[in-house]
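Chains A and B supply the protein sequences, listed in that same order.
For what it's worth, my numbering labels the leading residue of the first sequence as 69, then goes sequentially.
For what it's worth, my numbering labels the leading residue of the second sequence as 602, then goes sequentially.
No lab work stands behind these hints: they were computed from the structure.
Just so we're clear, the structure is a prediction, and the values are computed from it rather than from any experiment.
The C-beta atom is built at its ideal place from N, Cα and C for all residues, glycine as well.
Be careful, since some hints might not be right.
Stated by the list, open to error - In silico BS3-like cross-links for lysine-lysine, where the CA-CA straight-line distance does not exceed 27 Å:
1) 630/B x 505/A
2) 398/A x 228/A
3) 630/B x 113/A
What the hints assert, rightly or not - Distance ranges between label pairs, derived from CB positions:
4) 836/B x 108/A: 50 to 58 Å
5) 626/B x 123/A: 27 to 35 Å
6) 911/B x 510/A: 17 to 25 Å
In case you want the letters, here they are:
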Amino acid sequence: MPDTKGEKMPYISNTDAERREMLARIGVGSFAELIAAIPEELRLKQSLNLPEALSELEISSLIHDRTCGNVCVQNANSFLGAGVYDHFIPAAVDTIVSRPEFFTAYTPYQAEVSQGTLQYIYEYQTMICELTGMEIANASMYDGASAIAEAILMSLRKNKLPKAILPATLHPEYVKVIKAYTEGNGVELVTFASKDGVADLADLAAKMDDSVGCVVVQNPNFFGNLEPVTRFKEIVNTNPKALLIAAVDPISLGILIPPAQYGADIAVGEGQALGNSMYMGGPLFGFFATKLDMARSMPGRIVGGTLDKEGKRAYALTLQTREQHIRREKATSNICSNESLCVLAATVYLSLIGREGLVEVATQSAQKAHYLADTLSALPGFALAWPLTPFFKEFTLTTPVPAEQIIRDMLNSGIYAGVDLQPFGHERKLLVAVTEKKTKAQLDEFADALREMNYE
Amino acid sequence: MSKTIFEYSSSGRKGVTLPRRDIDTPLEKMIPAEQLRQKPARLPEVSELDAMRHYIGLSHKNHFIEKGLYPLGSCTMKYNPKLHEALVRHSCFNNLHPYQPECTLQGSLEILYDLQEALAEISGMHKVTLQPVAGAQGEFTGIKIVAAYHKAKGNHHKTRIIIPDSAHGTNPATCALVGFEPVELKSNSRGRCDLDHLRSIVDDRTAGFMLTNPNTLGLFEDQIEEIAEIIHSVDGLIYMDGANLNALLGIVQPGKIGFDVMHFNLHKTFTTPHGGGGPGCGPVGVVEKLAPFLPVPMIGKNEDGYFFDYAHAETSIGKVHTFYGNFAIQLRAYIYIMTLGAEGLRRVSENAVINANYLMALLKDHFHIQYPEYCMHEFVADSSWQKKEYGVSTLDIAKRLLDKGYHAPTVYFPLIVPEAMMVEPTETESKQSLDAFAAAMIEIAQECREHPELLHDAPLNTPVRRVDDVRAVKVLDPVFPIQE
């Protein structure tokens, strides 16, 4: 091995002298002897073709150059949502999440030196149950989409039925993930129609039969609308074995009826809005909660309270016999981690925002969204897509010109107008999201900018 | 004993200040009455200081890399550079929305494009998707691609995937999730795949083969060329579980030695933090004939710049994540690769291998090693001597290590070694820290002889004593009982 004097050896501690000493202790003369098991003809003969190594200073300035190629929502007036939301995050959240004690730890396999991680997951599980009205939550899934997919798989495993019914108002990206997760397992996916931007319950009722293992509802749905959630259970119960899966926005649960109260058997959803930055859509995390009698069918990690040998309160991973490292191909899922650090952010967020704070965040988001909806739908050529359908913090506008054009025009004024629904099959529809972060002035600025365009 | 955050609650106490309402429409005017929540969720009511004391207090109960060696085999607990944390928190990264117009995301897309290219070069694969958010989701994506390949070819008879008995538990679980039947392959006396057994179980039903290389014993699967020939002869595909890619950087390109599809663990090989169990990132690389099946979107580049590329949507397996995967994790891995370059990455693997062999040399007289040849980045020792002579198990030894300020190795895995302790020191540890860890292990070996009861009793000085995980199952307590 050549000496490395003068070469960059980032994050490697040993010196050449130490390496020589170590090789001698191993009993070899060179590194090459250690990898003699790799047949010569399989080895790379030349150096990898990668850019030259950069120093800390150089990479920092390269990254800063790249950031200049981005325009973040902080420097714009953004109304983007559709699954990822720009809610307020108290600074203290990052103080906790940035602690190496949390972010450089592994999955809490050795409980005695992982009580920090285990306890915050236990607190998180409690908070999710409190929000959804459920009895048990897992330590999180990869995102809202995979949480719904795993909920479907769990339901069908539980009641041994082949069919899952999805609403036409479900987020289309979730549908893609659900398809990928369920195909190959003999799962039959059926979609029921929408009417006035929400579920067409008559169509759902018509599609219920003995083979239906579960029905999914998303509330608020992809278009921001509030589904008639209280009327689902009765229809789902026409097959007593069928389970109701509710995919919900956790912020909305500050003011909206919790899923357990309208008879949902499994509550899932995208958790990013709880204290996690948007990061262009990842990392996200999915929450997953259900009733105690289904605990053993759940996917993912679960933390439980217990005692140590002196009788002191302690926490441990529990019900691990469901998991892949024990059950292998018989496991409830192949997931062997969670999005722990995102869960930590959510736990600290919910602690800080508190009982009244979550109600306030949800209320202000709804109030501001409704104000903007009223203002925009009064502009010539604009209208709410479904004027009589209630919504929460996000609404769908019918636009006088293709939404793409509006998005482009507004970008010139530093406004992200919303999500164009044309790629999802809805012409001249714009999905507009509002959070508590918006001021009345910012809402008016958007309306003024649109008015000035005189689309009609 | 620490209280839960709920026990700090005091009615009306606040941890944040929110803006006052500049619009104040009553809820009843916006939301139908039957959809309104009757009682607020009983979240904690604490001050910011309460919350900070509580969570910082919890943090003190964790083992973490900056505290001490974390030799979990297969997990690659190397040092996570703090530069990455500083750079990813730039507001032009963490305040990006996934549905922003592409023209406002050019900086991020350029990074992701370059990362796709770099991972393809490192692995020798044709194309790489960054979308899967964990190693297990990478496996799922890769095996979905195997299924899509056979479906496209009309190979409906291909229903089985062969997996060695030394494999990670996720491999068979993944096959089951995709709808394949896993078939177990035996290891031989050298700790490698038993080729006679392989030949006897390969047939027309074989859709593929999942292999970890180096395997979970830390040994390079040196018969990979023959394996590839056997599997490819029945039109099977070879999947590489890339959990141990950190041993091969700049030394072997899996895509050039017979593997058709593989996942990377950015949180292992490319040092993105494990985060207490995630978020991770599990990109997947494929050879050319499998590229049409990769998830959408890929990151593309043309004369106008960078874009989300859905061109192959028709043949793609679809999506495994709502958006584009864990961007904040991808970003850290990119920074790491750019900091190391080709030479630095090769040195990572060299030093990982030297450190593992050095540690094995220090320990081999004190602990049994079933496969005592030179290892790659990790090795598997076991406590069979201690178990037989003194009744001390691997679990006891693992718990005693916690007392000495170390995390335990991965224990009882791989399943083919009784009382296994899988040790991976990583390249970021110095000789001094390996010497100290070996000294602690040797001290424990001595304690096994002299005070075996001490080991049954361990750990003695951790935040809690040995945790009763049987009780955690029997008396299931997943939720704190909040008092009104």
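Verify the proposed pairing of residue 398/A with residue 228/A, using a straight-line Cα cut of 27 Å.
holds, 15 Å
So the hint says 27 to 35 Å: do the beta-carbon atoms of residue 626/B and residue 123/A match that?
Roughly 55 Å apart at Cβ, these two residues miss the hinted range, so it is violated.
Outcome for the supplied range 50 to 58 Å, where the beta carbon pair is residue 836/B and residue 108/A:
violated, 29 Å
Range first: 17 to 25 Å. Now tell me if the beta carbons of residue 911/B and residue 510/A are that far apart.
violated, 32 Å
Does residue 505/A sit within 27 Å of residue 630/B, going by the straight-line distance between their CA atoms?
Roughly 21 Å between the alpha carbons, so the hint for residue 630/B and residue 505/A holds.
Checking one constraint from the list: CA of residue 630/B to CA of residue 113/A, max 27 Å. Satisfied?
Violated: residue 630/B and residue 113/A sit about 72 Å apart, past 27 Å.
Violated hints, in rising order: 3, 4, 5 and 6; the structure is consistent with all others.
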